[in-house]
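Following the hints, put chains F and Y in place on chain D, whose structure we already have.
Chains as they are written, first to last, in our numbering: chain D, 19 to 176; chain F, 15 to 372; chain Y, 116 to 313.
In the DSBU-like style, the derived pairs of lysine-lysine whose C-alpha atoms are separated by at most 30 angstroms in a straight line are:
1) D:K37 - F:K220
2) F:K109 - Y:K197
3) F:K220 - D:K22
4) D:K26 - D:K37
5) D:K106 - D:K117
6) D:K170 - D:K114
7) F:K349 - D:K41
8) F:K134 - F:K213
9) Y:K281 - F:K349
10) F:K109 - Y:K201
11) D:K115 - D:K166
12) D:K106 - D:K170
13) D:K159 - D:K65
14) D:K102 - D:K166
15) F:K109 - Y:K142
16) D:K26 - F:K349
17) Y:K281 - D:K22
18) F:K169 - Y:K197
19) F:K349 - D:K22
20) D:K26 - Y:K281
21) F:K169 - F:K99
22) D:K159 - D:K117
23) D:K37 - F:K349
24) F:K169 - Y:K142
25) Y:K201 - F:K169
26) D:K41 - D:K22
27) Y:K142 - Y:K201
28) F:K23 - F:K213
29) D:K22 - D:K37
30) F:K220 - D:K26
Negatives, chain D to chain F, calculated, CB over 10 angstroms:
31) K26
32) H78
33) M131
Hints were generated in silico from the structure; no laboratory data involved. Bear in mind that the values here come from a model prediction, so they are computed numbers and not experimental data. Even for Gly, the Cβ is constructed at its ideal location relative to N, Cα and C.
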Amino acid sequence: MFLKEYIKDVYNGVTSLLKGMRKTGYYFFHTKEIITEQYPDNRDTLKLAERFRGEVVMLHDENNEHACTGCTACELACPNGTIKVITKFDMTPEGKKKKAVDTFIYHLELCTMCNLCVEACPTGAISMAQNFEHSVYDRNKLTKRLNKPGSKVREGVE
Amino acid sequence: MFSLEGITKTIQDWLFSSFSPTVALLIECAIIILLAIALFALLGLVLVLMERKVAAHIQIRLGPNRVGPGGMFQTVADTVKLIMKEGLTPDMADKFLFNLAPFIVMIVAMLLLAPIAFAKNFQIWDINIGVLYVSAVSSLSVIGILMAGWASNNKYSLLGAMRSGAQIVSYELSAGLAILSVVVLTGSLQISDIIESQKDGWWLFKGHIPVIIAFVIFLIAVTAETNRAPFDLAEAESELTAGFHTEYSGMRFAFFFLAEYINIFIVCSIGATLFLGGWMPLHIGNWESFNHLMDYIPSSVWFMGKTFFLIFLIMWFRWTFPRLRVDQLLNLEWKYLLPISLFNILLVTLIAIMGWHF
Amino acid sequence: MEAAAIIFYLISAFILGTGILAVTTRKIFRSAIWLLFSLVGIAAMYFWLQVEFIAAVQIIVYVGGIVVLIIFSIFLTQQSGKEMAKPVTRRSLFGALAVVFGLALIYSIIAQYGFAEQATRPFGVTVDAIGTQMLSTTDHGFILPFEVVSMLLLASMIGCIVIAMKNRNTNDPEQQGPAGAKLMIHADFTSTQTDKEA
Numbered sequence: 019m020f021l022k023e024y025i026k027d028v029y030n031g032v033t034s035l036l037k038g039m040r041k042t043g044y045y046f047f048h049t050k051e052i053i054t055e056q057y058p059d060n061r062d063t064l065k066l067a068e069r070f071r072g073e074v075v076m077l078h079d080e081n082n083e084h085a086c087t088g089c090t091a092c093e094l095a096c097p098n099g100t101i102k103v104i105t106k107f108d109m110t111p112e113g114k115k116k117k118a119v120d121t122f123i124y125h126l127e128l129c130t131m132c133n134l135c136v137e138a139c140p141t142g143a144i145s146m147a148q149n150f151e152h153s154v155y156d157r158n159k160l161t162k163r164l165n166k167p168g169s170k171v172r173e174g175v176e
Numbered sequence: 015m016f017s018l019e020g021i022t023k024t025i026q027d028w029l030f031s032s033f034s035p036t037v038a039l040l041i042e043c044a045i046i047i048l049l050a051i052a053l054f055a056l057l058g059l060v061l062v063l064m065e066r067k068v069a070a071h072i073q074i075r076l077g078p079n080r081v082g083p084g085g086m087f088q089t090v091a092d093t094v095k096l097i098m099k100e101g102l103t104p105d106m107a108d109k110f111l112f113n114l115a116p117f118i119v120m121i122v123a124m125l126l127l128a129p130i131a132f133a134k135n136f137q138i139w140d141i142n143i144g145v146l147y148v149s150a151v152s153s154l155s156v157i158g159i160l161m162a163g164w165a166s167n168n169k170y171s172l173l174g175a176m177r178s179g180a181q182i183v184s185y186e187l188s189a190g191l192a193i194l195s196v197v198v199l200t201g202s203l204q205i206s207d208i209i210e211s212q213k214d215g216w217w218l219f220k221g222h223i224p225v226i227i228a229f230v231i232f233l234i235a236v237t238a239e240t241n242r243a244p245f246d247l248a249e250a251e252s253e254l255t256a257g258f259h260t261e262y263s264g265m266r267f268a269f270f271f272l273a274e275y276i277n278i279f280i281v282c283s284i285g286a287t288l289f290l291g292g293w294m295p296l297h298i299g300n301w302e303s304f305n306h307l308m309d310y311i312p313s314s315v316w317f318m319g320k321t322f323f324l325i326f327l328i329m330w331f332r333w334t335f336p337r338l339r340v341d342q343l344l345n346l347e348w349k350y351l352l353p354i355s356l357f358n359i360l361l362v363t364l365i366a367i368m369g370w371h372f
Numbered sequence: 116m117e118a119a120a121i122i123f124y125l126i127s128a129f130i131l132g133t134g135i136l137a138v139t140t141r142k143i144f145r146s147a148i149w150l151l152f153s154l155v156g157i158a159a160m161y162f163w164l165q166v167e168f169i170a171a172v173q174i175i176v177y178v179g180g181i182v183v184l185i186i187f188s189i190f191l192t193q194q195s196g197k198e199m200a201k202p203v204t205r206r207s208l209f210g211a212l213a214v215v216f217g218l219a220l221i222y223s224i225i226a227q228y229g230f231a232e233q234a235t236r237p238f239g240v241t242v243d244a245i246g247t248q249m250l251s252t253t254d255h256g257f258i259l260p261f262e263v264v265s266m267l268l269l270a271s272m273i274g275c276i277v278i279a280m281k282n283r284n285t286n287d288p289e290q291q292g293p294a295g296a297k298l299m300i301h302a303d304f305t306s307t308q309t310d311k312e313a
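Same shape as in the complex, but just chain D (with noise of 0.2 angstroms):
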């Protein structure tokens, strides 16, 4: 009957509109689900996303010691070039030469914050970290070693 869908189709539309209402009417009064964060402001007690991603680091435990055996897996992983680990050869206290990391350099101008490379790492030696503000005057401090002076790699880390 063409009266009872017309009646039927007015109903709905009101209906549906009024839920929408509803919704936004309980945003609209309930100020405490605001999400804005007032970043410089509370700077200090900013809580980020856990999944938030802001750049590469590797990670160095108390003895100056990372898990980086110099693979280059993240530098394959990269999609953008981001990545370049130059490599050099220890000598292992049998006399054997082992690969290791010399410098681990990362282009943080270049990264998209993909996480392809903290995937691909074997051995968990990167990761990300949560700072954001990477503002420089200059961006050549854009490019960062991230394996510190003097560290070498953990005993045991193959």
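Same frame as chain D, now just chains F and Y:
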């Protein structure tokens, strides 16, 4: 007690006792013009800030909060910025009409202010065709939009103007019919009569369901007539950049922007007058003490409260609903609103003839 | 001179000036806008005469309706933004002659009869009175013209619906739409051939 009625009467008496009638009339005109311009500026500042705050809270944001306490002077800062900006005129535009259009829109908004009763006995012109005057003059604003769209010599402007024209011309019908339903119940077009008839209750409550339907239709139609979302096809950013005011900048853009908000205020005050009793306080039947208490609130507060409630409703619409397509817009008017309001006005007439309203 | 007279002359000058501009401008859109101003001026004149209802109707019908319609048709016209060519001298000569003769005719009539005396009582008609008179069946009621005009409007509305209504004939290309769509989905050429045969 403080009352605007007393002040206006004192001023009028003083003017007519100290000057000749013509001079007194001219001075009164000057005062009214000054007051109207002041009201425009104030409304522009308040409504734009209100819109941004309402939008922010609906979208779980904070909104402007940097300039002044709670962002109170944000719109003042914006206005200063707009005044400083250069007003460009496109090279191939029809320069005369291009510069005229914003003023037409503003003048129409100003003319519409005349019959609105802001408080008890505080009205610029209590014309005997009040409501008809409003619907007649508001049809003029489409001319300003069409002129702006044509004179800009820009395809987006032209498309926006045509959409706006089609929209305003078609939604005027259902807005008119919704207004007419209250006129049928009151038996008068004069604003003061309409308010007086709501002494014992507002039409929204007195007139049963048909008046509520008329109220809803009125709200939808005026939202469309003022070119606001969800009916903002005339300035749909994603399709037409900014529609009819794409080419405008600086203060002339500000005029269009201001006129939009003034028009919202005017249609909302008309809605408040027709359906919510204008400056009439809320009275409930025989609750003498309650009614007495309500009378203590000044009439201007009642009027502004109702008007701003309706403005809030319209803003709520804007930030909730997605924009309609052109065919949906015309379907809504011609297939739903118009038949419903035609049928509704029959019901209202029946109620008025049988005296079924309270 | 009284203030009312000054306002009268101002309004009349506005109406006449914009009217002349409407016929002399060579841009068609501007012509429409000047016509609009002229009509608004006439509405202002009605306000001056304190016949507010007529003034409002003037604005609704002429400004809100007819001029918007004119502007829309200008928008839909090709090359309407171009300046029109100057009229031929002969044509403008005859136009001027027509104006002169028209003025002479009107003036002769006015000179013959003169203006009526000023009305003794103020001319004020309420909207109620207009409405009642419009539907009254007494001697000077307007029920018959009112109904005839509404019949005319009804006829034009029905005409609009007939023009806008979709043709339900089987020959209508719209009706063959679904068959074509089916062809696209199934890519079944045999079925379309049978359709054609049928």
